[in-house]
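**Q** Listed below are the residues making up each chain.
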Amino acid sequence: GAGVSQSPSNKVTEKGKDVELRCDPISGHTALYWYRQRLGQGLEFLIYFQGNSAPDKSGLPSDRFSAERTGESVSTLTIQRTQQEDSAVYLCASSLIGQTYEQYFGPGTRLTVT
Amino acid sequence: EDKVVQSPLSLVVHEGDTVTLNCSYEVTNFRSLLWYKQEKKAPTFLFMLTSSGIEKKSGRLSSILDKKELFSILNITATQTGDSAIYLCAAQGNTASKLTFGTGTRLQVTL
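Residue numbers (our numbering), protein chains in the order written: chain A, 546 to 659; chain B, -3 to 107.
In isolation and in its complexed conformation, chain B is listed as follows (with noise of 0.2 Å):
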């Protein structure tokens, strides 16, 4: 059965902090890792991974897999309270119609 486990399960950060977020995952016939940020109720599309070792990047935020350990990290530098979110880590495997997530990692960001 395909599995993704993120880590930390919440983070409580100040704000200008660095955080790293971390996600493995054991999924047949791995197609891609993608990461979504949770606000409220719909996820939004931040990141799609395909090779390991190229770094993708938007911003503040930064993203790198590798295939060899099976993981990912999401960068978030110079946080602001409004990264305050849920982080959703999610593979594509075997199945091109279905993503596996992950419980996500609840970040939050104060003054």
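The shape of chain A in the complex, shown without the other chains (with noise of 0.2 Å):
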């Protein structure tokens, strides 16, 4: 498969627990989003990691959320002590340097904290 691809798909997870998520980028993209998208809302940014520069945290609402990318593959975004208004999708995308509007996204995956 040659697309952004994210696990899991859907999470459920329980107040107070720590939740990690995981982004494949496309092969080559050096680029990679994490976004937030709560129910009836538009996408939140959230963090943004290009090649081996310092990352873009300015979008991560709190310091319960972090993100590591290991060089130019898997991201994995960790939400700690899990809160109700977690609950949302995350989206990861990826894209070539310079083309940040071409971004090509993944499935999401679907938190609920009960």
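One should not assume that every hint holds.
[What the hints assert, rightly or not] In silico lysine to aspartate or glutamate, EDC-like type, Cα no more than 16 Å apart, as pairs: (1) B:Lys(-1) to B:Glu35; (2) B:Lys(-1) to A:Glu589; (3) B:Lys94 to A:Glu589; (4) B:Lys37 to A:Glu589.
[Said to hold, decoys possible] Taking beta-carbon pairs under 10 Å as the criterion, some of the chain B residues facing chain A (in silico): (5) Gln2; (6) Tyr32; (7) Pro39; (8) Thr40; (9) Met44; (10) Lys63; (11) Cys85.
[What the hints assert, rightly or not] A short list of chain B residues far from chain A (calculated; beta carbon distances all over 12 Å): (12) Leu7; (13) Asp13; (14) Gly55; (15) Asp62; (16) Ile69; (17) Thr73; (18) Leu107.
Derived from the structure by calculation, the hints contain no laboratory data.
Backbone N, C-alpha and C fix where the C-beta goes; we use that ideal spot for every residue, glycine too.
Once you've looked at the hints, go ahead and assemble the two chains, each given alone in its own frame, into the complex.
**A** Here is the structure:
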């Protein structure tokens, strides 16, 4: 498969637990983005990785959120001590450097915090 | 703070109708305006607009940007049930890495 993949597709967790979401970008795409989409809302930028540069973390809503990326491959988004307001679809996208507009999105992970 | 506003929030039309979706933006050092179609989960790229007054066209879809009035429209002619989706508008501004998205317009096309 040549597209962006994410796992798990659905995750239900109890309030207070930590969760880890995974994103596999398109091979060769050095730019990787995480977004959050709450029900009925638009996409909310979380974090951006570009090659080996320092990530742009300006969209992370709190210090409970963190993300890592190893080189130009897989990225994980970690949410610690989950809260009910963290319930959303988390979308990952990747693009070639300098082509922010042409982001290819993964299918997303639907997170439900009970 | 950068802001993108879309209208209407939702729309129901009959197959064959023409629809116009609106997007206004306030973005520092505006670079481009993008439209995406979102069915189920993953948005797919439709158009990128950087210049005023130049229409982009793809089949029954077209879009145009007005940089003076800070808005864009997306037109869909002869709508089909397969056009039912959320249409997202996003603006790229000062920070090349970041797109600011609107809340989307949910379009439903009925038979």
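**Q** A separate judgement is required for each hint: does it hold in the structure or not?
**A** Each hint tested on the structure:
no., hint, in the structure
1, B:Lys(-1) to B:Glu35, "violated (23 Å)"
2, B:Lys(-1) to A:Glu589, "holds (11 Å)"
3, B:Lys94 to A:Glu589, "holds (10 Å)"
4, B:Lys37 to A:Glu589, "holds (14 Å)"
5, Gln2, "holds (8 Å)"
6, Tyr32, "holds (8 Å)"
7, Pro39, "holds (5 Å)"
8, Thr40, "holds (7 Å)"
9, Met44, "holds (4 Å)"
10, Lys63, "violated (16 Å)"
11, Cys85, "holds (9 Å)"
12, Leu7, "holds (15 Å)"
13, Asp13, "holds (24 Å)"
14, Gly55, "holds (18 Å)"
15, Asp62, "holds (19 Å)"
16, Ile69, "holds (18 Å)"
17, Thr73, "holds (24 Å)"
18, Leu107, "holds (25 Å)"
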